[in-house]
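**Q** Start counting the sequence shown at 221; every next residue gets the next number (our numbering).
I should point out that these hints are in silico values taken from the structure, not numbers from a laboratory. Every value quoted in this text rests on a predicted model; they were computed, and no experiment measured them. Some hints here could point you the wrong way.
Said to hold, decoys possible - FRET-style restraints, in silico, Cβ to Cβ:
id : residue 1 : residue 2 : range
1  : 351       : 447       : 23 to 29 Å
2  : 382       : 343       : 33 to 39 Å
3  : 371       : 432       : 50 to 56 Å
4  : 418       : 494       : 37 to 43 Å
5  : 269       : 381       : 53 to 59 Å
6  : 421       : 288       : 54 to 60 Å
7  : 452       : 430       : 18 to 24 Å
8  : 322       : 418       : 20 to 26 Å
9  : 312       : 510       : 18 to 24 Å
10 : 380       : 481       : 25 to 31 Å
11 : 370       : 435       : 53 to 59 Å
Ideal Cβ placement from N, Cα and C applies to all residues, glycine included.
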Amino acid sequence: MSTLKGDPALTARALAPISSRRRNRLTGSGTTPWLFLIIPLAFLIVLTYIPVGNMFWYSLTSWDGLDPDMEFVGLGNFVRIFTQPEIFQVFFVSLYYLAGAIAQLVLALYFATLLSFKTRFRNLFKGVIFFPYLINGVAIGLVFLYFFRPGGTLDALLAAVGIHDPGQWLGDPSLVNISLAGTSVWRYMGLNFVLFLGAIQSVPAEQYEAADLDGANSWHKFRFIILPSIRRILGLSFILAIAGALSAFEMPYIMTGGANGSETFVIQTVNTAFKFSKVGLASAMAVVLLIIVLVITAVQRRVFPDERGDES
Numbered sequence: 221m222s223t224l225k226g227d228p229a230l231t232a233r234a235l236a237p238i239s240s241r242r243r244n245r246l247t248g249s250g251t252t253p254w255l256f257l258i259i260p261l262a263f264l265i266v267l268t269y270i271p272v273g274n275m276f277w278y279s280l281t282s283w284d285g286l287d288p289d290m291e292f293v294g295l296g297n298f299v300r301i302f303t304q305p306e307i308f309q310v311f312f313v314s315l316y317y318l319a320g321a322i323a324q325l326v327l328a329l330y331f332a333t334l335l336s337f338k339t340r341f342r343n344l345f346k347g348v349i350f351f352p353y354l355i356n357g358v359a360i361g362l363v364f365l366y367f368f369r370p371g372g373t374l375d376a377l378l379a380a381v382g383i384h385d386p387g388q389w390l391g392d393p394s395l396v397n398i399s400l401a402g403t404s405v406w407r408y409m410g411l412n413f414v415l416f417l418g419a420i421q422s423v424p425a426e427q428y429e430a431a432d433l434d435g436a437n438s439w440h441k442f443r444f445i446i447l448p449s450i451r452r453i454l455g456l457s458f459i460l461a462i463a464g465a466l467s468a469f470e471m472p473y474i475m476t477g478g479a480n481g482s483e484t485f486v487i488q489t490v491n492t493a494f495k496f497s498k499v500g501l502a503s504a505m506a507v508v509l510l511i512i513v514l515v516i517t518a519v520q521r522r523v524f525p526d527e528r529g530d531e532s
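Model the full structure from these sequences, guided by the hints.
**A** This is the structure:
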């Protein structure tokens, strides 16, 4: 050790292998993440960005999905969407799903708050609420077809309490969208419930203890502790609810096929592309829906901005 301390050249030669190993470690740690990201990025580009780019190109053509030649029509498809009421008016059907989504968020938040604290059989109730989200959508659609059919389960329950001949739940245009939106609430409430439950349970228990010492009741705890703590999750769930309401497809397609005034914008887009062979127009409709969702997302980020901690 005394020799190394006394001779700088020997010290440099002795430390050179250590420095080289450290450089190799740093270089390896910089390239290793990219090696793991190559395959996911390739799937993302091939399965997402390229199809979206093609969709934008198709929206500017009158392609029928089969002809190798695509006639360029510019913004003609978009003009057609906004000038033909029968195309754009189906967005009003989304209002039923939007109302159902808001009801879904309220119910999910209520049950998540209730079951975050000591409640009898709370684990059982958690499973009951979340279980519908795990069921296949086709199975749910078939189950609710029997539930809403004339003389079915719902009519039998209503008859037991004295309500006879309530109407055609899926055949009456004034009731079909309410029935379908209610089915969506039952199915998707479990997802929001789990999100809210996890957010609420992440709140430190010391805050509730301090609130108890100050004499706060349950409403005060919910308003001043829970709501501010889950604000970002609320914002995320709200934007997902709006996007889901605008792009409702699964339940109405399975249960009614869009009949009796239940056709949504996505069902109309699918029918336009594959039933009427107007892929260019359908692509323009998909672009319009994508832009609407992006605008709503931008507004949501304005209303619920990301909270960043103070940087030291």
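**Q** Hint by hint, say whether it matches the structure.
**A** Do the hints match the structure? See the list:
1. 351 / 447: 23 to 29 Å: 27 Å, holds
2. 382 / 343: 33 to 39 Å: 36 Å, holds
3. 371 / 432: 50 to 56 Å: 53 Å, holds
4. 418 / 494: 37 to 43 Å: The hinted range 37 to 43 Å holds for residue 418 and residue 494, with Cβ atoms some 39 Å apart.
5. 269 / 381: 53 to 59 Å: 55 Å, holds
6. 421 / 288: 54 to 60 Å: 57 Å, holds
7. 452 / 430: 18 to 24 Å: This hint holds: roughly 22 Å between Cβ atoms.
8. 322 / 418: 20 to 26 Å: 21 Å, holds
9. 312 / 510: 18 to 24 Å: For residue 510 against residue 312, whose Cβ atoms are near 19 Å apart, the range 18 to 24 Å holds.
10. 380 / 481: 25 to 31 Å: 29 Å, holds
11. 370 / 435: 53 to 59 Å: 55 Å, holds
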